[in-house]
Amino acid sequence: MLNLPVIKKMAALTGLEYKKLIRQKLHYTGLGVVLFFTCLSSLGFIMHRMRNAKKKIEGEAAAELLNGIAFSMTCLVPAIYVLFPMIISIFTATSMAGELQNGQMRTMLLRPVSRWNVFFSRFFMMSFYSFFLVIALLFVSYSCGSVMFGATGDVVIFGEIFLRNGSRYILPEKVVFTKLLLMYSFACFSTIYLVAMNMMISALTKKVSHTIVISLGIYYTSYILSSLSFMKHIHAFLPTRYLDIWRFAVVRDIPWDQLFHDCTIDICYIVSFLVIGGIAFNMTEV
Amino acid sequence: MAIKAQHITKSFGTFKAVDDLDLYVREGSVHGFLGPNGAGKTTVIRILLGLLSPDSAEVEILGKDLFMSRDQIMSQTGAIVEYPAFFEYMTAYENLYYLSRLSGCADKTMIEKAIDIVGLSKVRNKLVKTFSYGMKQRLGIAQAMIPENKLIFLDEPVNGLDPHGILDIRNLIRQLSENHGITVFLSSHLLSEVEQTCDYVTIIHKGHKVCEGKVSELMKQHESIEILTPDRELLKNLFARENLKIFTEEDSGEYSRFLIEGSENIVPPLVEKLVNNKIRLYGIAKHQKVLEDIFVELTGYKKDGGPDRA
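If you read the sequences in order, they're chains A and Y. Going by my numbering, the first residue of the first sequence is number 1, and it counts up by one from there. Going by my numbering, the first residue of the second sequence is number 1, and it counts up by one from there.
Among these hints, one or two may not hold up.
[Unchecked claim] Derived lysine to any residue pairs resembling SDA-like cross-links, with alpha carbons at most 20 Å apart:
{"no.": "1", "chain 1": "Y", "residue 1": "K236", "chain 2": "Y", "residue 2": "G283"}
{"no.": "2", "chain 1": "A", "residue 1": "K20", "chain 2": "Y", "residue 2": "F131"}
{"no.": "3", "chain 1": "A", "residue 1": "K19", "chain 2": "Y", "residue 2": "K236"}
Keep in mind that the hints were calculated from the coordinates and are not lab data.
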């Protein structure tokens, strides 16, 4: 049985969060960063293509392999590792911890709304915003890449960029578009993890600066340590260990078992973050 | 009773901010909540609004238990606590609209009426970040009014307002109570405002209630006699012999001013006693204490703002 008053409250809260997102022009900010990043990336791509015009990779002309799809896939890598975690951390911290600090949260909690509803409506809206960033990057990068380098073709996968190994192979044209969409879909899932983690840290620290420093500190430290081979004994315990599931999309034969395993662990992390964050927020003295 | 609260206790670490406080607020009244800085007023208000968990408390608001039915209570209650905080990138109207939606009722007519009452009609479509502090305060009162709340908590509502604004808010509060039967629970440092606005008052000090009652009766209970005399020591000796209580004593160089316990009936025999004891009198009259005097007396603070170390 659907609880109509709760649904109405969630709709009201979500509507408020959406209005705040639009009014703060966060979508412009995110889009602006994505555009700037894509422009820089396209410049790099063009120069790389020019310098390797006569080279062949696996028997195919390098220029043909560096097409719009390859460009869009390549753009996602630094974005999902560096750019999006930073944007998500700052905006989630501002939304959650910032409103706790500045008093707007108190104004909202003086209304007959459950703190769980407030917490989850904010989580949904920040997740929606993170999807917007990922989809915006897909759209912008593929559009630019298609215009500059051609819409499709075979794609060379450099292991050092995508898979953190030394492999190199070519994906055929007939599968690359599907792989591109899968890659970005899995990246959307990864951003939910980042939103949940930032929501939890916001609820625990209740301060914008602390949230940003702690969440990005944990995130980047984990990635740095995961790249150090002499730290391999702690790799399994690092919070970001199972986060880059989007890499599986570019593997020739997607290891679905491994993907399912990593997704399950990520979902456990997300649920834990949300439960801890929700409880902390409920106990917060406003 | 609009509010029936008993045994409110709250500590922050080892510091006891509120200690076994009872509070009763009549429906339809304007109830003032007074205390010096750090007395625990805002802490009590936050507990009553469910923003803060007490160590212990039994609280009933509008006939419902606060801890079991907070949502139902808050659907009929509005409040400003500390300072009014809004979403500054939204307009005044938008803030009120979305906040009232959270109460389950976004009536545009009601919102327009609230904006008119607080005098913000001309700026309803301006971003809140362009508002002065006084305008935000007015907007805070508007949001406390909607949608048709039966009980309103106002924590220092006239802060930042000019004299016209203070007068408007005073009239508004009286109007809410008299014309609409809304209970207003008002905390303020402006004792003259509480005296003119409130029907009842509760005074707290260091987390304890020191006084509670109808404002008019409280002032009647604290009638005193003012005596101006240069013979300070003679008068003090006489009062010690006669067991007469001295409330306050001020020395202005030429003479001393005493406020003593008693009503106007004791003036004639008192004058006789003073004259018989050769105590020179510059003046003797009934003194009607204002709330500030009562507040100072009960909380031990001097009029110049410092604590009374006597």
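Results of checking the hints against the structure:
Proximity of K236 of chain Y to G283 of chain Y is assessed by CA-CA distance (about 16 Å); at most 20 Å being required, the pair is judged to hold. For a cut-off of 20 Å, the pair hint linking K20 of chain A to F131 of chain Y stands: about 18 Å separates their Cα positions. A distance of roughly 70 Å separates the Cα atoms of K19 of chain A and K236 of chain Y; the hinted pair therefore is violated under the 20 Å criterion.
Going through the hint list in order, the structure does not satisfy hint 3, though it satisfies all others.
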